[in-house]
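A.B. asks: Top to bottom, those sequences are chains A and B. For the first sequence, position 134 (counting from the first letter as 1) is numbered 134 according to the working numbering, and the numbering increases by one without interruption. For the second sequence, position 66 (counting from the first letter as 1) is numbered 66 according to the working numbering, and the numbering increases by one without interruption.
To be clear, the hints were calculated from the coordinates, so they are not data collected in a lab. Careful, some of the hints might be misleading.
[Said to hold, decoys possible] A short, non-exhaustive set of chain B residues, derived as facing chain A with CB atoms under 10 Å: (1) 219; (2) 263; (3) 266; (4) 271; (5) 278.
[As the list claims (entries may be wrong)] Calculated from the model, a selection of chain A residues having no Cβ within reach of chain B, i.e. all distances over 10 Å: (6) 18; (7) 21; (8) 22; (9) 75; (10) 77; (11) 79; (12) 105; (13) 162; (14) 164; (15) 165; (16) 178; (17) 202; (18) 204; (19) 279; (20) 285.
Cβ atoms here follow ideal geometry from the backbone N, Cα and C, with glycine treated the same way.
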Amino acid sequence: MRAIQIEQFGDPAQVIRVVEIEEPPPPGPHEVLVSVELSPLNKHDLLVVLGALARPPLPHIPGAEGVARVLATGSEVDGLQVGDLVVLPLYSGAWRERLVVPADGLFPLPAGGDIEQYSMLGSNPPTAGLMLSECTPLQPGDWVVQNAANSGVGRSLIALAKLRGLKTINLVRDDATFADLKAAGADVVHVDDDDAVADVRAVIGDARVALAVDSVGGPGVARLLELLSDGGSLVSYSWARDEPMWVDTPTLVAKHITVRGFFVGDFDYRDKVVPVIREAAPLVADGSLAVPVAAVYPLEHIQDAVQHLLRGGKILLKVA
Amino acid sequence: MRTMQCVVADTMGEPSEVLHLQTRPIPQPGPGQVRIRVAAVPVHASDLHTVRGRYGFIPEFPTVPGIESVGVIDELGSGTDSLTVGQRVITIGVKSTWQEYVVADAGQVLPVPTGMTNSTAAQVLANPLTAVILTGDELDVRPGEWLLQTAAGSTVGQSVIQLGVHVGFKTLNVVRRRSAVEEILALGGTAVICTEDEDLRERVADIAGHEGVSKAIDCVSGQVGADVSRALAPHGELVVYGALSTHRQTEADKLTIPVFARSLIYEAKTVRGFWLFRWFSETPKDRMAAAIERTVQLADSGALRVPEGQPIPLEKFSEAVYLAEAPAHGGKPLLVFDS
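I would like the entire structure built from these sequences, with the hints used as guidance.
C.D. replies: See below:
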């Protein structure tokens, strides 16, 4: 069967190869054999290939997440049938046609949902949902502000916040997505510009903004810090700009703000990821959480897919 | 009506331009309050930054600066039975102390140990207290652990070094100038990094080795603050308690820390702000009392030695304002009152 593999770390254009590998063994009693249907490309995948993060043993098959179909179940597996669609466990190496994974944590996705949308359940919703629950205590009615709100995590955050009774302030690059994000449940949307702080405060008054979510970095971080209330937390899960977060020290000090990062693959969250995927699956099934897909590439066109990812947009790999 | 002298800023601005002496009525203590005849108040750089509107909060102008004082209770309001006229006290988190008489809630004053000088008492509840809180409640630095700190030669920095000696934690001290290194080592600093001619991150790796450093405090901000954050081990915590140091800081990039998202995300580091005045208003009473009591005891026992201040009469406040931000000012300028 086919897989995408690296034998050394480096520039994806140089080191990523489509290879033939052996079929996986039959599933053990508590495992299932699945065929990988679709896997999104994430910046994280490229960082792994570059060797910029904790380095896995080589050769390595990348692919942080994906949606797969059950082909066979182990003798002790309950609750899963051949043909069910499941969300792959994070970092199982999704860029191969078939693999065996533990059945623990897998559940059948609701029938009739969009498989492309299902393929993005593995990392974005848990990233959004766990940032909302693990970074700072939030009460229903609290406000959360995020930039890059039109991203996969951004849309997941809007949907999960709404489900949990939280309100969202969403900063985006331009107004083209305003109507779309409003329809998706965003409470406030604004262009991520110099007027954002005053305009947003005019709408929400002195309501508490306990959490700010950044995935852009650079000078715009100042707006998030300004919107945060005293004692609030700023959490970053990515950086679209290749520059640091410019954290204004007087604001950090005066408001006792905590700046931290969030990585969904952190060991501390290992038991918390699947519950959020379960929480988000019905939202994806009924269409209330949807992320526009820019393109779907077949496995053998991985290089085109990587180039497209670098230009921007949500890219999926058709694996099996 | 009896009157007193105070130092007032009518508007936000450069302290040397907006501060002046003013005569005001002596305030009366209400129920639950006491009045203190002030003996000495320190002039901190942070007081001047507050007047500039650049520190934590913007006061309502006209404003009397000052956040610490030592003096003698000269009048009691009703319901203040635990205190007596003539008692020497320090004020806790009371603002506007640059005046001859200060009114404070009974809960905001603390009797001064008999042997403690006014100079020490007047200075103990800002910088030494900050050092106690940062290394205690904020970071819980344990015996044997490393603490990385910038501005090690500052008043807070010196208190941190002394606390390291007392508690048994190791201080890794960052200073700008090589000429400061000897003084830091003499105070009991475990190791010194001099940014004039050394690379901060390389030296942290050399000194702390494989184990690394997980706890740091910074009040320099800018690139140094960023280097400190990057030098920390995974799960490291950096507490930022200012961007001020001791000189006039107006450049915006020096008031910013460029934080690399990647190391926060994949190494689970945190950077958080600490401001003493917010601590005064937010900390549960028992915890606040414990930290204050510990600080006063450490100063009384000599474990924390507060450098002797330079007494300056109130009418020469301009001199004190200048000295507070002079590059090498010796002891902290203290406004003293001898009415």
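A.B. asks: Does each hint hold? Answer for all of them.
C.D. replies: To see whether the hints hold, each was checked on the structure:
{"no.": "1", "hint": "219", "result": "holds, 9 Å"}
{"no.": "2", "hint": "263", "result": "holds, 7 Å"}
{"no.": "3", "hint": "266", "result": "holds, 6 Å"}
{"no.": "4", "hint": "271", "result": "holds, 4 Å"}
{"no.": "5", "hint": "278", "result": "holds, 5 Å"}
{"no.": "6", "hint": "18", "result": "holds, 28 Å"}
{"no.": "7", "hint": "21", "result": "holds, 28 Å"}
{"no.": "8", "hint": "22", "result": "holds, 32 Å"}
{"no.": "9", "hint": "75", "result": "holds, 39 Å"}
{"no.": "10", "hint": "77", "result": "holds, 34 Å"}
{"no.": "11", "hint": "79", "result": "holds, 34 Å"}
{"no.": "12", "hint": "105", "result": "holds, 23 Å"}
{"no.": "13", "hint": "162", "result": "holds, 25 Å"}
{"no.": "14", "hint": "164", "result": "holds, 23 Å"}
{"no.": "15", "hint": "165", "result": "holds, 26 Å"}
{"no.": "16", "hint": "178", "result": "holds, 26 Å"}
{"no.": "17", "hint": "202", "result": "holds, 20 Å"}
{"no.": "18", "hint": "204", "result": "holds, 22 Å"}
{"no.": "19", "hint": "279", "result": "holds, 23 Å"}
{"no.": "20", "hint": "285", "result": "holds, 30 Å"}
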